[in-house]
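Enquirer: Spelled out, the chains give:
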Amino acid sequence: MSAHADTHATDDDHGHHHKETFVTKYIFSQDHKMIAKQYLVTGTIMGVIGVLMSMMMRMQIAWPEEPNVLFEALLGKWAPDGVMDADIYLALVTIHGTIMVFFVLTAGLSGTFSNLLIPLQIGARDMASGFLNMVSYWLFFLSSVIMVISLFVEAGPAAAGWTIYPPLSALPMAQGGSGMGMTLWLVSMAIFIASSLLGSLNYIVTVINLRTKGMSMTRLPLTIWAFFVTAIIGVISFPVLLSAALLLIMDRSFGTSFFLSDIFIQGEVLHYQGGSPVLFEHLFWFLGHPEVYIVILPAMGLVSEILASNSRKPVFGYRAMIASILAIAFLSTIVWGHHMFISGMNPFLGSVFTFTTLLIAIPSAVKAFNWITTLWKGNLQMNPAMLFSIGFVSTFITGGLTGIILGDSALDINVHDTYFVVAHFHLVMGISALYGMFAGIYHWYPKMFGRMLNKNLGYIHFWVTAVCAYGVFFPMHFIGMAGLPRRYYTNSNFPLFDDLANVNVIITMFALIGGVVQIVYLYNFFISIFYGKKAVQNPWKSTTLEWTAPVEHMHGNWPGAIPHVYRWPYDYSKPGYDVDFVPQNIPLKDGEEELQH
Amino acid sequence: MTALLTIIVLVFILIAIWQMVKIFDLAQAKNENTTAGVATDKDNTMNGYLMMGFLAFIYIITIVCFVKYGDLPLMSNSASEHGQTIDSLMVITMIVIFFVQTVTQFLLHYFAFKYKGEKGKKALFFADNNKLEAIWTIIPVIVLAGLIIYGLNAWITIMGVDESEDPLIVELYAQQFNWKARYGGADNTLGKANVRLIDIDRANILGLDESDLSAQDDVITTELHLPVGRPVLFKMRSQDVLHSAYMPHFRAQMNCVPGMITQFGFTPTVTTADMRETPQMQEKITRINKIRVEKSEKLLAKGEEALERYEFDYLLLCNKICGKSHYNMQMKIVVETQEEYDAWVKEQKEFKNSLIN
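So the sequence lines, in the order shown, correspond to chains Y and D.
Take the first sequence: its position 114, counted from the start at 1, is 524 in this note's numbering, and no numbers get skipped.
Take the second sequence: its position 278, counted from the start at 1, is 292 in this note's numbering, and no numbers get skipped.
One chain only, chain Y, in its complex shape (with noise of 0.2 Å):
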């Protein structure tokens, strides 16, 4: 344990005091925990956008063409009657999707914990630029607003599924989603891109150059390993996006044929020759896969803190957690194949994919494992943040294994494009991930608000989530095996799915259940900002950097010096001391040896 850090941050006391207004601490604000609400806030009402179109969509999956209220109520002129549109369905479909993937679990979940946490437990006044951390949130910001106009543009949003292949979304003519929504989407995407590749070129200088005396790579919790490794997926592949998204910008309004070729449609011939819908496959899953794990990886991390807090207990395994979250980035950038194993390319190429996407299941399954036995034989305090981690590991498997199914090529082929596969990914990244989000959101929110959540109504939200979660996506795998397409905005035109109606409405119930109950939440959250109880400065006794800190917020994180880090984030429980905890910043006592981890 040599190896300290070069710290940038100076040890004495920051606090000097610029005379702040109301709009550069609670608008623009520099403070990246004020960002980090910002991000949350957003986030969280982009999330409700988001489960209101879903519980649309089940309700018309499980009563196709019955009119409806809330229809009427939320989808105006797209609703006559009460009776939902089939182009809007679709739209749901792609909004809802785009949503929850971006806004939610990448922005709302990166973009808050990677701003709350980093500089907090690294030990460092604030992120490396303010800045341009504001710049990343305020173009986050516009991104959200145009994804929401676009909602309202007269011919409908986007449409065309939340990974908009070409020719569908790139001809006004194909669907009506595909004129002026379709704009509006992309401009929001690029917006967004560009609001990721700031907070994360951010989030990795600052990883690299701003951590405390001795605070080597080796002692940093492992929530900063997954935030960092994420940035570092996200600087890799975002840009991807963005060219295939700038070259689908120029097929669509300056005629070149990028994504384009031998098009007939509505009684004419197009002019585009030559190119292929399928580069546009290869460049959004290049971006497409790593991105799950964009989403999934801070999750992970997350509930790798929590899990050893609130189990007492070390981490098991912390070389290994650290080694399989290296190991899934960088398998991460080499498996966008398997989203198109039918999609027309080599079958050679398909053997290859298959390969490098089971290979993810032995660092996932290493990781599920050292979770497991991070439990084992330890002292666990069941806070909702805790249940909340445990209900993460649990869906993280379930859905985890049918990746297995989907990985293999062979078996894809059957099951491809089916429910199968939207019950794969709500589980292993949909659910896992928000679970994450809120395991964190219970766990940081002293922190974030000075005041504790209400738990028993965690236990509410958590144990009414959980079995919801499993209503609806566990028999969706059994439907998508009968071979039930995806996005179908009716199933009522097959007679050979009849049988499979009853099962919808189940499903349908569990998720408007589900739904309703974060309700309870929401109004945990926006109440206890206010009339929550005041919050001790460790309510969890964890031992990282961030509890050091006073709960009032300040500028510069710590009144006086930062705090020196003496041992690894997880001494729990470890022989020796009375308390169950020892913070970073004790130093080890005589003899004592710090864990060779």
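Heads up, a few of these hints could be off.
Said to hold, decoys possible - Below, computed lysine to aspartate or glutamate pairings styled on DMTMM-like, alpha-carbon distance capped at 20 Å:
1) D/K309 with Y/E476
2) D/K309 with Y/E475
3) D/K316 with Y/E476
4) Y/K951 with D/E132
5) Y/K623 with Y/E956
6) D/K346 with D/E291
7) D/K338 with Y/D495
8) D/K338 with Y/E564
9) D/K316 with Y/E475
10) D/K338 with Y/E475
11) D/K128 with D/D55
12) D/K206 with D/E364
13) D/K135 with Y/D990
14) D/K133 with Y/D990
15) Y/K787 with D/D142
16) D/K338 with Y/E476
17) D/K312 with Y/E475
18) D/K312 with Y/E476
19) D/K346 with Y/D908
20) D/K194 with Y/E678
21) D/K136 with Y/D990
22) Y/K787 with D/D55
23) Y/K943 with Y/E962
24) Y/K984 with D/E132
25) D/K136 with Y/E475
26) D/K338 with Y/D497
27) D/K298 with D/D85
28) D/K304 with Y/D908
29) D/K312 with Y/E678
30) D/K135 with Y/D988
31) Y/K951 with Y/E962
32) Y/K787 with D/E147
33) D/K194 with D/D327
34) D/K133 with Y/D988
35) Y/K951 with D/D55
36) D/K363 with D/D226
Keep in mind that the hints were calculated from the coordinates and are not lab data.
Fit chain D to the known structure of chain Y by using the hints.
Expert: Chain D alone, transformed into the frame defined by chain Y:
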């Protein structure tokens, strides 16, 4: 009005929950001297038991799904030669998955119950064990190696096209929102085609090259007929956007991509008539018709038409989002004996005779 009432009810439910929680909080605060908002021993015990309850819930939902919906998955009734390989690989993979799922979920939830926190207890300081980690790295490696080898073998066999078997060549042609099939005719060769040659006025709807001799006897149909036992090689085309030709009963799927020709081959092994007779299909047909009769009664009561009786047919579905009527883009597939097939082909019009001059 209904919406307003629903909102009011929801608000009342929330207020009720809040009040109950408050009472609970107050009762707890009196009894125990703890930090606000942090789990107490009582919470640990309650949630520990709930964890075991949840484990039971996972097992129950698994069992219920298998008992109630176990006959829904397409896993034992494949109507193509390679389908059997896929089905057995699927079964093996499922067994592996369910074994792992059952064991890991048990360990996770049982540990959560067994080691629920108590005041004054100290956890075991257990940070690392290379042997254990090596074991659970190596076991997945071995299991996955087996699955990968099996899977890749299957994949290569399925995707490899054996031209020496003289497969029947059929083009599947996709457009918003229907399917066409094109047969090569007597020479079993598809004539050249490009969407640029489409001439709706002359009924050249697939853009066949009229000057190509092998196009003259091509046959374009709206139903897909296949002789049983003969390998078929499908050539897929699309004229507008991406579509996907999904034939679930044959375990076959391939995207149709504008600007390129994709392909997928298989050998149908069960005729439509035989498939209808299998006990499993009989059961499914009865089940579906029961549902349709119930639905029809409701429709009749409303003064609408009753639903037709369902009879099983193989289907080709579109399985790639393609626009407004994506949900209704299908084509009937008929697998029949060679004689029936020959008779059907004879009735079809050849391309050269279908043109309007």
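Enquirer: If you test the structure against every hint from before, which numbers come out violated?
Expert: Of the numbered hints given earlier, those the structure breaks are 25 and 29, listed in rising order.
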